[in-house]
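Take these sequences, add in the hints, and give me the full structure.
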Amino acid sequence: MDLNRQNMKKIIGIVAFGVLLYWGLQNLEGLHKAVAFGMGLVMPFIVGGAIAFILNVPMRAIENALFGKQKKKTGAKSWHRVVSLVLTIVAIAGVLNVVVFLIVPEFGRSFQTLQANIPGFIAKVEKGIAQLETYGPAIEQVWSQLEISWDTISKTALNFFRNGVTNLLGSTVNIAASIFNGVVSFALGLVFAIYLLLQKEKLGVQFKKCLYAFVPEKAVDSILEIGQLSNRTFSNFLSGQCMEAVILGLLFFVTMTILRFPYAMMISVVIAVMALIPIVGAFIGCAVGVVVILMSNPLQALWFIVLFLVLQQVEGNLIYPKVVGNSVGLPSIWVLVAVTLGGNMMGITGILLFIPLCSVLYALLRKQVYRRLKQRKIAQHKLK
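Quick note: the sequence shown uses the working numbering, first residue 6, plus one each step.
The hints are simulated quantities; they were obtained by calculation from the structure and are not laboratory data.
Even glycine gets a Cβ: it sits at the ideal position worked out from N, Cα and C.
Please note that a few of the clues may not be correct.
As the list claims (entries may be wrong) - Subject to a maximum C-alpha distance of 25 Å in a straight line, what follows is the list of computed DMTMM-like cross-link-like pairs (lysine to aspartate or glutamate):
| id | residue 1 | residue 2 |
| --- | --- | --- |
| 1 | LYS207 | ASP226 |
| 2 | LYS14 | GLU34 |
| 3 | LYS379 | GLU206 |
| 4 | LYS214 | GLU230 |
| 5 | LYS205 | GLU34 |
| 6 | LYS207 | GLU230 |
| 7 | LYS205 | ASP226 |
| 8 | LYS207 | GLU222 |
| 9 | LYS214 | ASP226 |
| 10 | LYS207 | GLU34 |
| 11 | LYS213 | ASP226 |
| 12 | LYS15 | ASP226 |
| 13 | LYS14 | GLU222 |
| 14 | LYS379 | GLU230 |
| 15 | LYS213 | GLU68 |
| 16 | LYS207 | GLU68 |
| 17 | LYS213 | GLU230 |
| 18 | LYS223 | GLU206 |
| 19 | LYS372 | GLU222 |
| 20 | LYS372 | GLU230 |
| 21 | LYS205 | GLU222 |
| 22 | LYS15 | GLU222 |
What the hints assert, rightly or not - Label-pair distances were calculated between CB atoms; the ranges are:
| id | residue 1 | residue 2 | range |
| --- | --- | --- | --- |
| 23 | LEU107 | PHE212 | 21 to 29 Å |
| 24 | ILE94 | ILE324 | 28 to 36 Å |
| 25 | LEU281 | VAL210 | 31 to 39 Å |
| 26 | ILE263 | LEU33 | 53 to 61 Å |
| 27 | LEU346 | TYR375 | 19 to 27 Å |
Right under this line is the structure:
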């Protein structure tokens, strides 16, 4: 190999990478602290980017609907963007208020029902205890055969109490610090998101200039193409997920109203909100619904589980793959594969990420396959 300038740069880069890798392996604890510190610094910007991406979907639709024909006018675009952003925030806040308004009163009535049912529950417990008293001699005989060291139990309980109080205080401090850091990160992220949304075209141009200045042109073209595809895919996924949640909530509301289940509105809203988490979110809503219905009618709670399983089959096999799969351009079978892989690898976060991510990979692979087939001049009849 010729030791020209380009090869020397490659060798220096390889050596530098090897040194950094060796240092990282020898100082894993320090590396972990450094990464955690760095993540803490950039977390508000990551949160802000996520908020901006989510808000951009309805904001873009509002802006196109209200000012689509006036976009080319100079000097008007800035206030168009401000108005669209304000309307988006107001709309999302309104939806959240409606959800809270529908759920909180129903939960209050549910707790009142529980309070009313407590005397009956206590009566059943007392009846059960009275029945156990008939087995008193047998229980007493078993109890006498047990060897119990009350000194050991008291010492264990005392140690558990001391350690529990210490751990509880430490956990409380950690939880309070985490909540405070989360609130601060969200507030800073929201400010950063607003700035991103108001200046997104300008920031996009600056980003492209930096790429073209330091990265080869062909590589930049590929990066921008993949970025546009990813943005379109993730936006369509978000829209499809919201549509699927609304359809599922309406489906539950209609069926529960027809079958005269209690708390139809509240449970349907909870299931719709939880359904924003793909596949598993509806099961969380089901658990809430079972608990609420169980307070008033245990038999209806059992029938609600049956109803949920039926509607879940309809939603999981028909609605979700069609609505979300079509929105991201991913066939139904690969939507199920993406959900399964993402859930097993990263939980709920993996489910949210893997569907649009797999859609991007699917689109890139399809494009590459068709290009290679065209280059190799494969006849169409061989592909059927």
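Going through the earlier hints one by one, which of them does the structure break, listed in rising order? 2, 3, 5, 10 and 23
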